[in-house]
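J.: From first to last, the protein sequence lines are chains R and C. Here the first sequence is numbered in this note's numbering, starting from 853 and rising by one per residue. Here the second sequence is numbered in this note's numbering, starting from 46 and rising by one per residue.
Calculated from the structure, these hints are not laboratory results. Everything numeric in this text was worked out from a predicted model, so none of it was measured. All the pointers check out, no bait thrown in.
BS3-like cross-link-like pairs, simulated, lysine-lysine; straight-line CA separation at most 27 Å:
#, chain 1, residue 1, chain 2, residue 2
1, C, Lys-102, R, Lys-1105
2, R, Lys-910, C, Lys-102
3, C, Lys-293, R, Lys-942
4, R, Lys-910, C, Lys-88
5, R, Lys-1105, C, Lys-272
6, R, Lys-1106, R, Lys-1160
Some chain R residues flagged as far from chain C (calculated, every beta-carbon gap over 12 Å):
#, residue
7, Arg-987
8, Pro-988
9, Asp-1023
10, His-1080
11, Pro-1085
12, Ala-1119
13, Leu-1137
14, Asp-1159
Here a beta-carbon is modelled for each residue, glycine too, at the ideal position from N, C-alpha and C.
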Amino acid sequence: MTDRGRAFSAVETVREGFRQTGYICNTEIATIVYLAFHLEKPVLVEGPAGVGKTELAKKAAAFLNVPLIRLQCYEGLDESKALYEWKYGKQLLYTQLLRDKLDQIVRREDDLGESIRTLHRYEDIFFSPQFLEARPLLRALQQEEGAVLLIDEVDKADEEFEAFLLEILSDFQVSIPEIGTVRSRTKPFVFLTSNSTRELSEALKRRCLHLFIPFPDPDLERQIVRHHVPGIPERLEKQLVLFIHEVRRMELKKAPSISETIDWARALILLHAEGLDRDLTRKTLNTFLKFEEDIRAVDEKIFLLVDKAIRETA
Amino acid sequence: MDRVLNRFIVALRGAGVPVSVSESIDAAQALAISGYGDRPVVKSSLGATLAKSVAEKEIFDDCFERFFSFHPLPSELAPAAEPAAGEPSAVLPPIGGMILEGDLGGIALAVRDAARSADLQSIRFFTQRGMFTARILQALNLDQLDRFVADLSPDGSAGAGGTARRIEQGRDAVVDMVRRYVEEQYEIYARESTERVIERYLWDVRLTELEERHYERMHFLIRKLVKRMNDRYSRRRRRSKRGALDFKRTLRANMHHGGLLFDISWKQKKVNRPDVVILCDVSRSMSTVVRFCLLMLYGLNEVVARVRSFVFCSSLLEVSDIFERCPLAEAVERLRTGEGLDIHMGRTDYGSAFWDFTNRHLDAVTGKTTVIILGDARSNYGDPAEGLLKQIADRCRRLIWLNPETPPMWGTGDSEMRRYARLCDLVMECSTLRHLEQLVRVLVRIP
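Please model the entire structure based on the sequences and the hints provided.
T.: Structure, rendered in structure tokens:
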């Protein structure tokens, strides 16, 4: 805990720590992670696809040196998939295997009432932790050293599931009727991500710190590219980031994400490029544009975009 | 800082960000942890705890910049800054002294104190601006200042005249400053509230009396309503796909496995989406109601499966294809202008409308159809043709009549509402947005 306390002693320390794990963030992200740690509150992260929402949670786990437990949400997700489930198959199998044993136990009794009372004494065996399948939420609570719990795309889950999450997120405990209450030893650090396909409930938002991550500004993105593609020539790196920013401003089906910027940079390095040119750009468009229409739209303007990127970095 | 934070939260609420008590506590705690030293850090801390969506973040940014900005002081007061010697200042209120000394900072502070004592942050409507300005000026003792000037003038000495002039100039500048300050604070605390009042009014205004300048906002409200209804309803439908274990069926299905449970069945809840056929009276008195009703009905694709729409006046015509071809807003607009519609816009005749419908379109109605008739049932003393309506009523699942008139008017004069009502499963008044919302509830709840 003291180690962790030191890691979170100031906003700048958090920022530096994340940088060392390979996540370059701005002050806002660092501030909110810092606050979330001290207030012990979940962080709700929103933003366009590909700005590093999920990555933030992963790096937080690396930074804290605890396991990352991920719960991917989808329509119809329910408690048995998210929290725990009894291993029905194993229970059935065991009753079959132990049939003779059960017979013996029951045979000793004369009447039906006695038999059932006897069986009652044993039924706890089948509802014990050995037969419990822990799903992500329960697993996160069970970690001795704490964990980073990532609840990904919570907007895809149903509203009832959100209501159910509230209980866990505020108390960090769950009750399993057959076993009792499971309370977390160390509160997990929770990240929820959302792509805003629907409004989340007020109650959930109230309990979280809200972090909106937009696409990074050129300076930050250049830092990110430099960090991930160490040998990149400065001229190329500048032009490439500017080009991507111009492309993001267009009306596209899917704007290029940060990871796609990095992919493109790596591709260009492999092709020994020192700077952008039209031909090379045209040939490598498909590394960061994933729709035919998008490629066509950018292709039409490629002269303008490349020239602009080159001119502005000259 | 706590008081400043509180005021900021009031401002945020005024701007339309719903900040709860627990969130304001979070904000205070966050500030206590992150400190007040670094402006971006303060802004991020407050943003994370107070604004919980992208839209709210935008409002928050705007509000934050305006609230924590430094107000430039008016420069026109500067010339008055020469020291004033040997002049009476016995009944001069503090503000007068500041004017004579040219103490701009002091004046700005005094204005702010006065504003606080006048409870300026409770300003909600633009009509209150004058009142608050007056209250603040009073708190600044400006009337006393005026009396002081009045006492000065009569003796006519040059020095006194100069002082009086300077005070008067300064006074005007102060009034100006207060006005601007009130304006600014109104922007901070109240911009949204006026909007909200209009919105509340629109929920209950009779659609027939709606002014055209409110149409845009009404469309927005209907979109909001439709979205809410669709959300709620799709959730119900989705739930029907899930369900608890159907134990009886599971046991029965697995009998031949010797009691081992291989195939599991789940309890399913069936939720139907009704088919809707709507007959709209499009005579002039009805046109706004029809417009908004159709706008809503066609938006509800999660709630209703299919809509077929007919309009009638003297004769009846199917218009479903217009809605299929055109965007929603354009389609209702085309209905309103009647452009390209082969319909006879004479006197409204319910009898012949029903006759047209039963003879030509009765196959549109099946046992699953909900028929909605939207009309005032005023048939200009023509044949009401109840028999034909009964044919429709017998064929459909439900017959709902929406009447834009208030119930006491039903059955008066040429209104056949009472007679028709006997054949309908449900008769509702439908003249406001609230009624439209009720209609959706009705459509959904009863299968």
